[in-house]
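Student: Those protein sequence lines, which keep their order, are chains A and B.
Counting in this note's numbering, the first sequence runs from 47 upward without gaps.
Counting in this note's numbering, the second sequence runs from 10 upward without gaps.
Among the hints, a few may not be true.
[Stated by the list, open to error] Straight-line C-alpha distance at most 27 Å; calculated DSS-like pairs for lysine-lysine:
1) K150(B) / K524(B)
2) K238(A) / K529(B)
3) K125(B) / K473(B)
4) K267(B) / K74(B)
5) K150(B) / K238(A)
6) K185(A) / K252(B)
7) K524(B) / K252(B)
8) K252(B) / K74(B)
9) K74(B) / K238(A)
10) K182(B) / K238(A)
11) K147(B) / K238(A)
12) K249(B) / K473(B)
13) K185(A) / K213(A)
14) K230(B) / K147(B)
15) K524(B) / K43(B)
16) K249(B) / K238(A)
17) K249(B) / K74(B)
18) K230(B) / K249(B)
19) K529(B) / K43(B)
20) K244(B) / K43(B)
21) K267(B) / K244(B)
[Unchecked claim] Stretch by stretch, here's where chain B covers chain A in the computed footprint (C-beta under 8 Å, at least three residues):
22) 111-122
23) 159-167
24) 189-196
25) 218-227
26) 230-236
Quick caveat, the hints were computed from the structure, so don't treat them as lab data.
All C-beta atoms in this analysis are idealised placements derived from N, C-alpha and C, irrespective of residue type, glycine included.
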Amino acid sequence: MKQTPVEVNAPVALTRRRFLKTGSGVLMGTLMATGGTLAALAPSRTWALTMSALTDAEGDKLLKVTRAIFPHDTLDDAVYALVVKDLDAAAASDANVAKLLRAGLQDLDQRASGDWASLDYLARENIVIKMAGTDFFEKIRGTSVVSLYNNEMAWAHFGYEGASYDKGGYFDRGFQDLNWLPDPDANASPAKA
Amino acid sequence: MANIALDDDTAVVVIGSGAGGGTLANELCQKGIKVVVLEAGARESAQTFQNDEWGSFGQLSWLDKRTTSGSWRVARDFSGLPAWICKTVGGSTTHWAGASLRIQDHEFKALTNYGKVEGANLLDWPLTLQDLEPYYDKAEKKMGVTRTNGIPGLPGNNNFKVMYDGAKKLGYKDCHTGRMAINSRNRDGRGHCRQLGFCFQGCKMDAKWSTMNSEIPMAEKTGNLDLRPKAQVVKIEHDKSGKVNAVVYADADGNLQKQMARVVCVAGNSIETPRLLLNSESSKHPDGLANSSGQVGRNYMRHMTGSVYATFDEPVHMWRGTTMAGIITDESRHDPARGFVGGYEMETLSLGLPFMAAFLDPGGWGRDFCRAMDNYANMAGMWLVGEDMPQESNRITAHASEKDQFGMPVPNVHFDDHPNDIAMREHAFGQGRAIYEAAGANHIYPVPPYPSTHNLGTCRMSAKSADGVVNGNGQAHDIDNLFISDGSQFTTGASENPTLTIVTLAIRQADYIAKQMSMKAI
């Protein structure tokens, strides 16, 4: 389905031919989730994202920046990779975006007085927080607030069930199954048809 | 369906097919009057609606360029999107949640009952609840409003259970699953609600009333309706005597067409309606059509709104079932002891995960934001909707330099909260918090207003022609055969969701127009 643009599949073969063709890299990872709904959605425990404008090193760094801005500790990298995919696509279609992202990543290293990506996650987060309000930060925040939460893997992670029409709605699937509070009076909430 | 020639000057031309335009068109067609409806958007259906928040937003929303100004937070968070309303056959009745409440007697006489409020342009409506009651009856019957006409209320969902528990613990008396234009039983050839949870995205069950699934098909059956989707009106023209006689629109291919008219009724919602009048300026009407009062575009109201979301230790799954699943009406009264005039309603609301991320704290990020989202499955929510003050300076204007795809100035929407609006919102946030804390919430999230869904007042009704744009029948003070048929007519906003009243006014206006036409007065 279209909200799952990341290729969650077996690792892409890293042939030289592929690199030459795209002139860029492939971002890869392994699902943290070993069970449950997210793993059930994925046909494999590994995922791969083909980069088009940015290098895999830049993609990996952007993924870490996205994690620092939206720190969901147990949300899988595969979901953050969807943000990287959209940033990469934006960079591919607009050279100014590519420039903005690359400059921002260099700025991170300067602020870290070294390799920002090699710091521990709290140190990374503290540096990113200080960049709030910059165009770089806003580009990633604005992309993330849509891309991070508008896909089936995120829905599975956060427990949102998404489209219901094809399943007959929630009429027979728990729209009033909350049982930790008393049921309302029948005149306030009549029985269903 | 009728095929009315462009040079046929005997028809009524209705601009817009939403709650006002769609209803008015059907009522006129039922009386044997030929009607052309010009609708800017495309025609969708239950089959094409999407259970997908962003996908549906792109399909149904009015996304043409608009600009914003003023101190309201929407201008900062959504500078190009002042309103969340629709460009599609059926207008915003495809998107509305279905809450169908009558405006109360005291609210029709806001100036009399509230007194002068500094900075506000309050006025009594030129009609009363008694005038409208027979038409409210007809509207409720037409729309199949629950808890009227013997129609049972809808079953409450999990989100309602939480609101109800908190409301009872706080001592609120009037909390139930609302008066909703959503079928709780099969009715009118439409099935009953299956609790899909996508009311805002166009009801795929057709259980929710809209002009798309009710009024327009009924009007088409009469053979008197000529509905033209993807027809965006750019100008209304008038003859030498000053009567309107034609409407210029861009057709689906972007070519300009001119439809002659006997009567013109404007129902483009409260941003496009005044924009069209302002863009129809002429030597006879230099400040815009029907604007001798200078009130066209002014007194823009958007309801005092805000939301309260709360998280609990146990799951809620608020997205399951109707979006607006219940209401508390106790605060919808005039009681200045609370520190403000007018009142507000509290109505459950849920957003899916994608829109919760976009609206919970616009511009938000970081650990607090993530904590709220992490607890999404345990979240309950309500919307607060109350009477905001009409202010002359809150207004729609034609932009000085920005033009749309047809070369017409885009609208700018200027809004500043009135101190009364702010005091009411603070009170409502406090009560919303108290309700959820009583039900056991572990964290409360007050949420600022979304882009406006209730846009009102920009061509308001007034007894005197100097105070407003139209009379009690929605007829322009300046031009007898020009009518305003949407929420722009509202003299004040009241605390109720406006759709039922827009439909009611359209039914009443149809009677008036038919009578005036038969008397050859127009």
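Student: The structure should be examined with respect to each hint, and the outcome stated for every one.
Tutor: Okay, the hints, checked on the actual structure:
no.	hint	result
1	K150(B) / K524(B)	holds, 23 Å
2	K238(A) / K529(B)	violated, 51 Å
3	K125(B) / K473(B)	holds, 18 Å
4	K267(B) / K74(B)	holds, 24 Å
5	K150(B) / K238(A)	holds, 21 Å
6	K185(A) / K252(B)	violated, 52 Å
7	K524(B) / K252(B)	holds, 18 Å
8	K252(B) / K74(B)	violated, 31 Å
9	K74(B) / K238(A)	violated, 43 Å
10	K182(B) / K238(A)	holds, 23 Å
11	K147(B) / K238(A)	holds, 26 Å
12	K249(B) / K473(B)	holds, 25 Å
13	K185(A) / K213(A)	violated, 37 Å
14	K230(B) / K147(B)	holds, 20 Å
15	K524(B) / K43(B)	holds, 15 Å
16	K249(B) / K238(A)	violated, 60 Å
17	K249(B) / K74(B)	violated, 33 Å
18	K230(B) / K249(B)	violated, 37 Å
19	K529(B) / K43(B)	holds, 16 Å
20	K244(B) / K43(B)	holds, 21 Å
21	K267(B) / K244(B)	holds, 9 Å
22	111-122	holds (count 4)
23	159-167	violated (count 0)
24	189-196	holds (count 6)
25	218-227	holds (count 8)
26	230-236	holds (count 5)
Consistency with the previously given hints fails for numbers 2, 6, 8, 9, 13, 16, 17, 18 and 23, ordered from lowest to highest.
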